[in-house]
Every structure is written in C-alpha cells, then in structure tokens.
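Using the hints provided, position chain U relative to the given structure of chain V.
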Amino acid sequence: MKRRDFFKQSALATAGTMLIPNFLKAYEAQALGRKAFNGRVLVIVQLSGGNDGLNTVVPFRNDIYYRERPAIAVAPGNVLKLNDEIGFNPALQALRELYDDGVVTVLNNVGYPNPDRSHFRSMDIWQTASDSDQYLTTGWLGRYLDAACAGTAVRTPHRLIEVDDTLSLALKGEHLNGLAMLDPKKLHNQTNSRFVRELAAIKAADDEHNVSYLYKTLAETASSADYVYSKANVSATHTSYPASEMGRSLKTVAELITSGVETSVYYLSISGFDTHINQPGQQERLLRQYAEAVQAFTKDMKANNRLNDVMLMTFSEFGRRLKQNASNGTDHGTANNLFLIGGGLTPGKVFNEAPNLTDLDEGDLKYSIDFRRIYATLLRDWLKADDVAILGKKFDTLNFV
Amino acid sequence: MNEKNTKRQQVQHLFWRAGFGASPQQVQEALRRPLRRLVRDLFDDSRTFTPLTPVTSPGEPARKELKEAFRNGQLDRDKLKERLRMNRESIRDLNLNWADRMASGKGALREKLALFWHGHFACRVQNARAMEQYAGVIREKALAPFGELLTAVSKSPAMLQFLNNQQNRKNAPNENFAREVMELFTLGRGNYTEKDIKEAARAFTGWGYNLEGDFVFRRAVHDEGEKTVLGQTGRFEGEDILKILLEKEATATFIVRKLYRYFVNEEADESLVRELATRYFRTGYDTAALLETIFTSDWFYEPRNIGCRIKSPVELMAGMQHSLAMSVEPRQPVLFVQKTLGQVLFYPPNVAGWPGGRTWIDSSSLLFRMKLPDYLLRSAEVNIRPKDDGDAATENLFKRKNRLFETTIDWAGFERAFAEVKDTDLPDELAAYLLQQPLGAKQRELVLKQVKKEGSRPEKIQSLTAAIMALPEYQLC
Numbered sequence: 001m002k003r004r005d006f007f008k009q010s011a012l013a014t015a016g017t018m019l020i021p022n023f024l025k026a027y028e029a030q031a032l033g034r035k036a037f038n039g040r041v042l043v044i045v046q047l048s049g050g051n052d053g054l055n056t057v058v059p060f061r062n063d064i065y066y067r068e069r070p071a072i073a074v075a076p077g078n079v080l081k082l083n084d085e086i087g088f089n090p091a092l093q094a095l096r097e098l099y100d101d102g103v104v105t106v107l108n109n110v111g112y113p114n115p116d117r118s119h120f121r122s123m124d125i126w127q128t129a130s131d132s133d134q135y136l137t138t139g140w141l142g143r144y145l146d147a148a149c150a151g152t153a154v155r156t157p158h159r160l161i162e163v164d165d166t167l168s169l170a171l172k173g174e175h176l177n178g179l180a181m182l183d184p185k186k187l188h189n190q191t192n193s194r195f196v197r198e199l200a201a202i203k204a205a206d207d208e209h210n211v212s213y214l215y216k217t218l219a220e221t222a223s224s225a226d227y228v229y230s231k232a233n234v235s236a237t238h239t240s241y242p243a244s245e246m247g248r249s250l251k252t253v254a255e256l257i258t259s260g261v262e263t264s265v266y267y268l269s270i271s272g273f274d275t276h277i278n279q280p281g282q283q284e285r286l287l288r289q290y291a292e293a294v295q296a297f298t299k300d301m302k303a304n305n306r307l308n309d310v311m312l313m314t315f316s317e318f319g320r321r322l323k324q325n326a327s328n329g330t331d332h333g334t335a336n337n338l339f340l341i342g343g344g345l346t347p348g349k350v351f352n353e354a355p356n357l358t359d360l361d362e363g364d365l366k367y368s369i370d371f372r373r374i375y376a377t378l379l380r381d382w383l384k385a386d387d388v389a390i391l392g393k394k395f396d397t398l399n400f401v
Numbered sequence: 001m002n003e004k005n006t007k008r009q010q011v012q013h014l015f016w017r018a019g020f021g022a023s024p025q026q027v028q029e030a031l032r033r034p035l036r037r038l039v040r041d042l043f044d045d046s047r048t049f050t051p052l053t054p055v056t057s058p059g060e061p062a063r064k065e066l067k068e069a070f071r072n073g074q075l076d077r078d079k080l081k082e083r084l085r086m087n088r089e090s091i092r093d094l095n096l097n098w099a100d101r102m103a104s105g106k107g108a109l110r111e112k113l114a115l116f117w118h119g120h121f122a123c124r125v126q127n128a129r130a131m132e133q134y135a136g137v138i139r140e141k142a143l144a145p146f147g148e149l150l151t152a153v154s155k156s157p158a159m160l161q162f163l164n165n166q167q168n169r170k171n172a173p174n175e176n177f178a179r180e181v182m183e184l185f186t187l188g189r190g191n192y193t194e195k196d197i198k199e200a201a202r203a204f205t206g207w208g209y210n211l212e213g214d215f216v217f218r219r220a221v222h223d224e225g226e227k228t229v230l231g232q233t234g235r236f237e238g239e240d241i242l243k244i245l246l247e248k249e250a251t252a253t254f255i256v257r258k259l260y261r262y263f264v265n266e267e268a269d270e271s272l273v274r275e276l277a278t279r280y281f282r283t284g285y286d287t288a289a290l291l292e293t294i295f296t297s298d299w300f301y302e303p304r305n306i307g308c309r310i311k312s313p314v315e316l317m318a319g320m321q322h323s324l325a326m327s328v329e330p331r332q333p334v335l336f337v338q339k340t341l342g343q344v345l346f347y348p349p350n351v352a353g354w355p356g357g358r359t360w361i362d363s364s365s366l367l368f369r370m371k372l373p374d375y376l377l378r379s380a381e382v383n384i385r386p387k388d389d390g391d392a393a394t395e396n397l398f399k400r401k402n403r404l405f406e407t408t409i410d411w412a413g414f415e416r417a418f419a420e421v422k423d424t425d426l427p428d429e430l431a432a433y434l435l436q437q438p439l440g441a442k443q444r445e446l447v448l449k450q451v452k453k454e455g456s457r458p459e460k461i462q463s464l465t466a467a468i469m470a471l472p473e474y475q476l477c
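Residue numbers (the numbering used here), protein chains in the order written: chain V, 1 to 401; chain U, 1 to 477.
Just chain V, with the same shape it has in the complex (with noise of 0.2 Å):
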C-alpha cells in the first residue's frame, strides 16, 4: 500500500472515524499554498475541567437559576450587569472593564450535538472539531498548520505554539505538529546541549521511513526553538501581569507577539474548573486570575498597537448542571458560554440569547450555537484559511470578525 493511501485508511481514519472526505486531497491537489504569515494572531484558552458557565455569566433575572442552585447562586446585587439579563461574576470585574472598552464579545448557548460528558471525550471533540460520534486522531488547529504549510519544503511547527511542556491534541496535524514550550528559554536549554544539537543537525533521509521523520520533527524542534529564542529576546514587555500561571504565560504570548514571532495560534490551558465540591470560592478564584490575566494581556497589546491584530478565544469542553449538587457543587453538564476577546472584533457585545432554563435536556442546557461555526469564523474570517478543508464540512460562519 502506498504510504499516501495508507494515511487515508488509516491515521486520519482509524477506528470508528469518519473520514474527513478528500481532505488530503483537498489541500495536496489543489496545493493552497503555504500562506503566509498575516500578523493575525489567534490565542485560545482552554478551562480544563468543565467551567460552569451559569456562575460565570449569571442570569441574574431568572427564578429558576436561583431555585436550582440555593447555596451556590450569585446574588443579582453582585452580578456585574451586561443587558437586562445576564451579567458577569463579581470575579470577572477585569473582564468587565474590557467589556465596557468594547473588546469582549460573550457567545451564549455554545455545544454540540449528541453531547458527551466525559472530560476527555469532550475535550477530545473540541479539540478535533469532530462529531460526537466520530474518533479523529487529529486536531483543528493542526489540520491548519498542514493547510499553511502544504505544497512548501517549509516545515514550521513555530505556527503553533501551546504555552505547556506537553502538547494537546488539538495542535496534532496530519504531516506536522505545533510547538510546546512553556518559555523559549526553557525550550531553548532542552534542545541547546551538544548531543541534542548535533543530533539534529543530521541530515534526514528524504524517504518514509520512520528513523526519518523521527530527525525531521527534531531539526524542526531545534529550528523553531532557535527562531523563537532568538526572536524573544528582542522584546520584553513593560506592562505587568498578575503572577498567576495564567499571568506567566500570557505574558510569554505578548514578549512572543510584540517580537515579531511568525506565530498565528497560541494555545493555553489552566485547570481546576471541575468543581463538584465548594464551587464558588474555588471558582471566583481562577476566574479573578483569569480575567486579570486577560486584561493585563489586552493592555499590553493595545500599548504595543497590536490589539486590532490579536483574538483571544475562551472555551471549556463543557458547562455544568443547572441543578448544583449536595456538595456545593455542580456536576457535567453540556452547553456553555465562550468568550471573544480582540480588538479585531465587530463592537463588543452579547452575542445571542441568554440560555433558556425552562426548555432542558435532562436537566442540563441545549446548544443553539455549534462551536465549530465558531472555528470556521476563526479560521476563514479571522487566519484567512480554508475552513471547509481543515473542518472536513460546512459550517456557516458567524458574523463576529
């Protein structure tokens, strides 16, 4: 079998997947072409664990919100009003401020059909974009780093960096992965020692063979790695951040951003939303770090002019129970809220409907917005790239770019 049908059949296809139809095809045939970098930035960040979306945008002016949820509930005094229905948490007060500036803009009802659960399936689906159905061993924004670097000898995982020492599926391609590095210093002492470099500065063979691309992915890694170090180090940025994680590694986004660095998609994580236990002190706490987080970054963009460039995507693979639990709580649930932070952004705003607490799926919300509408937006709209190709169908985009 041809190494190219075997692709087909099985790493983008393994078990109990559908395939994404002629996607290769699509994108070597018709060879798009490496787009160049377009100075657009795109940084996601992922809230592992399952935020609850109903305690971080509260409907402040619904009974059954404060019915179902006694010991929990924001009281509508503290919520930090956005319309007549809905408002923020008391923590996002940082989140607020932009909101005011017009950079925000909250996208209610956010899921997907037949939902799942599970952390990891769900993480799984949002990071590959597919079905709930469906097992993909690729994820989006990898498939988007092969679309940027098809039909070229340029191989540059750089594109993608995750803020981490691992990397999640989402940034896995088919031909190419993105990059993990927690600071390019850090990266840079992995790959500097002589054994590392000198190995790396073997020439691969041009052939299949996996001692090949087993070199190929390490001269990447030590090229991206001396591009990003050696970029990185012109810029260190004025503004300050909050010395949280979410503060650290946002402000690595920014030194990376104001120098120059080719990326087009950050991606970062922070845990410890899954809050089955004493929900609200544990909850305010990463949203405060978050949102300050977030805003520090805002600044820093906008001192440098860069905000106009810059889009900021806040999803969690699901929201919470309407219902909280005996533990002060809350349990999975499904649909949920995303943030939209940028100053590329058609004016801030709420996006759609607040959801709706008397029509539920088992006691949990109903989506009216497939996420991945909102990755086709991100990805034609906002990384000018093929979204039919890198999502495998359709989805109609959403007019918030």
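Note that these hints are calculated values from the structure, not bench results. Ideal placement from N, C-alpha and C gives every residue a C-beta, glycine not left out. Watch out, some of these pointers could steer you wrong.
Taking lysine to aspartate or glutamate and the DMTMM-like style, the derived pairs with C-alpha atoms no more than 25 Å apart in a straight line are [unchecked claim]:
#1 U:Lys442 - V:Glu198
#2 U:Lys195 - U:Asp269
#3 U:Lys67 - V:Glu245
#4 U:Lys79 - V:Asp331
#5 U:Lys198 - U:Glu212
Some but not every residue of chain U turned toward chain V, in silico, with C-beta under 10 Å [said to hold, decoys possible]:
#6 Asn305
#7 Cys308
#8 Leu341
#9 Thr359
#10 Ile361
#11 Lys371
#12 Asp391
#13 Ala393
#14 Glu395
#15 Gln450
Partial selection, computed: residues in chain V whose CB lies under 8 Å from chain U [said to hold, decoys possible]:
#16 Asp101
#17 Leu179
#18 Asp183
Just chain U, lined up with the frame of chain V:
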C-alpha cells in the same frame, strides 16, 4: 552485515515484537538456538496465566455502591471521599502491577498481546473492581481463540458500563455497545449498516451486571422480538449477534490487519493480510496459531519489517527496565512517564484506543523520550510537568512529588554480558544490542563524545548505554 549480527538482529526483532525486548543474557542464550525453537519457547513461557497481584478485595463495594451508601446516610462525606480515593489508587496500582509484569519479561508474549487487546477493546471506567476484572479477561484470554475473548470482554462489567449497555432496555435501546462491537471490535466500518446496529442493539437489551460485579442477563428488559442483522433473522440474543459477527470473514480481516500493524509493520501488506485472514478465519480465529505463523515466516524477518515501529510509551519504559533489570521504587515515575508521553494504562483516550505510530511523537514527546535515559540512569532532575486533564478526581495520581527518579539497575549483570567485548568494540556491541537500526557514523561519533576517556570500564558501559538509549533510533523497534 555478518552472519552473527543478522541472527542477533532477528533474535532481538522477535523479542521486541513478541515482547518487550530481551535482556543481553536472553540474547546470548537465544543465539545458540534456532528461531523456531525460540518462538516455541516464547509460547511456552506464556502458556500459563498468572493473575496480577490483586488490588481490590472480593467483598469491596464498587464506586456506585459507595455513592449509594452516602446518599442513604450510611457513609459520611469524609469516609466517601476516602473510599473513592482508595478506588482511584487501586486502579493506579493495577496499572503499576501490570507495568511491572511487562518489565519483568515473564510471559512477555501474553502481556504484549494483552496490551494490544487493551487498545483494541479500549475501556476506562472509574471502578477499580471492574477494571481489575477486565484486565484479568484481556490477559487471561489474550492467546485464546478470538471469539472467547470477544465474548468475555463483551460480558465484562467494565465494558458494559463504559459502553452504556446497562441502560440498553427494551423500549429504550442504547445503541452504543452494539455500534462499537461492530465498528471497533469485529467488522470495522463499511461492513454493516445503521439498521444492523439498531437491530443488534435490541438483541443486547438486558445485558448488564450486578453489584457483585457479575454479568447478568435481565430477561425482563430484553426485547424478545425478531431481529434482522447482517441478513439473518431470528429472535436473537446477544450471543447470537457475536456468533453472526464471527461468521463474517470481514471480522477476521479486520483483526488480522490490526495485529499485523502491531506486530509486523504499520504499513500493512494487504496480500499478506488477506492470506493470513483466510487462515485465521478457517482456524476459528486461533490467535496463537496466527502469531506463530507470523513469527516463523521469512517475511517477518525481512529488513523492511525490522526497526520500523515506534515504541509506545509503555513499550519504551518496559523495554528499558527489562534490558537493564531496572526497578523503579517508589513506582510513581512509571505513571509519570506514561502520562507525559500519552499512554496511561486503563485510561485510553477514547473507545478507539491509542492511535499509535507517529502520533506518539511530537516535539515535546521526542525531547522527553531522549531525556528519559538521563532521568532513569543518571538520576537527572525532572523539570517537565504533564498536563492536567481537567478531571479533579484523577489529577493527583500523575503528579511527580519529587524531581528525581529513584531506580536500581543491575549494572553488574549487564556488564557481565559484555565481559568478552574489547573496550574498542563496546560502542558497536552495545549499539547492536540496544538498537534495531544501524548506528550511523555521526551518531557513533557523538555517542563516543559522551564517554570520559579516563573512565573505568563500568563507567564507559553506563555512559555508552545512556547515550545510545537517548538516540532517536532507540525509539524504534
């Protein structure tokens, strides 16, 4: 390549594919025996089934019962939390006990095949007793005819829970189990219709398990009506469906292709797969016979099939431990390595199992793999942190509590195996043992630079071993 090297490479190939590599002593002994005998030995060594050290006790309540007891007020919150923690730790211990067994080299073929079945019949539930029983099934029946294994796994509480068959009832069918049985366990996509799934799901109604962890058939919720599945019509029950699925040659082809890709080469040779599948089907899915055919065939030892597989994280770790007779105590780092590299036993990513092959490798996993010998052999400080997966229940299981791996390696035994080798030949001899790929000239030069000239012989052997294991070539078998 001289005759001796060829034989050695073949021997090592066999041990890597049919197990987790061979210790240097095993290789030396094996060189004196014909390959056919070695294959027999491997089967003999795996003939008996030895259960893993138990991690739960028979009377121990399952997770669901604990929650029930909590709701009834028989258990307070702290007790419940404590018991749930113990449950998670039991799954962790089960993982480590199995990983130990793989590293021991005992019954290697059985464990290697069971690891394959774990990916094939991928299953993860937060119930230690069910996972323990499931692990017992895939290990005990690993070499049994496929039909026996399929039936036993299908009836295991862990799988029934994972695929929601407990909720599959007459008038309210849940199709998950029926779908995965066809798509992932037997026929593979394209060999059945949605209608077949719907009808088969009706046949599986009533398949479930009780609180004691035993399979039960609840006739009261079973749909007794007539079903038509893959062209056959009858008042089918679950067993009938499995029988129908096994009567389809597509099932044999699907399983054989997957086994071929695991044991021989990721790129399946379709004509060989067809030939093997025909025989597999005729022998009533005799997995042991199939593997014996593979391991004794000439094509298995062809250069294109040697050193071409990327080791999975579990294989990599077990292989290193086995080669060096290494024990890791406390055992937490074994879990840390699994987590960081993306293969945690009993936590497959989803029902389709680990995709494997090149998906194991990205920039960070490759760098970590190349650094691993340093952590394990030289106690270098670990400064990598695996990702939190969001589940509050399991996060703490994978954390490294200290930054050093404590390992014990039988260096004396390892060195003895190379006692006859001249100092100048050591790099090539060690590379020939540790790598299934040739050592390139530049790589050789680089490896030599890692050795202190004035070092003692044991120091030299240790540095060379660590350096060779850090090469990209060591990721292959």
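Is the interface hint satisfied for U:Ile361? The criterion is a beta-carbon contact with chain V at less than 10 Å. This interface hint holds because 6 Å falls under the 10 Å limit.
Taking the least C-beta to C-beta distance, is U:Leu341 closer than 10 Å to chain V? 9 Å, holds
Does the interface hint hold: is V:Asp183 within less than 8 Å of chain U, judged Cβ to Cβ? Since the shortest Cβ distance to chain U is 12 Å, the answer is violated.
Hint status (Cβ of V:Leu179 to nearest Cβ of chain U, threshold 8 Å): Constraint on V:Leu179 satisfied, holds at 5 Å.
Take the shortest C-beta to C-beta distance between U:Ala393 and chain V; is it under 10 Å? 8 Å, holds
Is the hint on U:Asp391 kept, meaning its closest Cβ partner in chain V is under 10 Å away? 5 Å, holds
Is the Cα-Cα distance between U:Lys67 and V:Glu245 25 Å or less? Violated, at roughly 35 Å.
Against chain V, with CB atoms and a cut of 10 Å, does the hint on U:Thr359 hold up? Given a least distance of 6 Å, the restraint on U:Thr359 holds.
Does the interface hint hold: is U:Asn305 within less than 10 Å of chain V, judged Cβ to Cβ? 12 Å, violated
Would the hint on V:Asp101 be counted as holding, given a Cβ-Cβ threshold of 8 Å to chain U? This hint is violated: V:Asp101 lies away from chain U, its Cβ roughly 31 Å from the closest one there, beyond 8 Å.
Hint validity - U:Glu395 Cβ closer than 10 Å to any chain V Cβ: 7 Å, holds
Are U:Lys371 and chain V close enough, Cβ to Cβ, to be under 10 Å, as the hint says? The hint holds - U:Lys371 has a Cβ within 10 Å of chain V, the shortest such distance being about 8 Å.
Hints 2, 3, 5, 6, 16, 18 from the list above are not met by this structure, while the remaining hints are.
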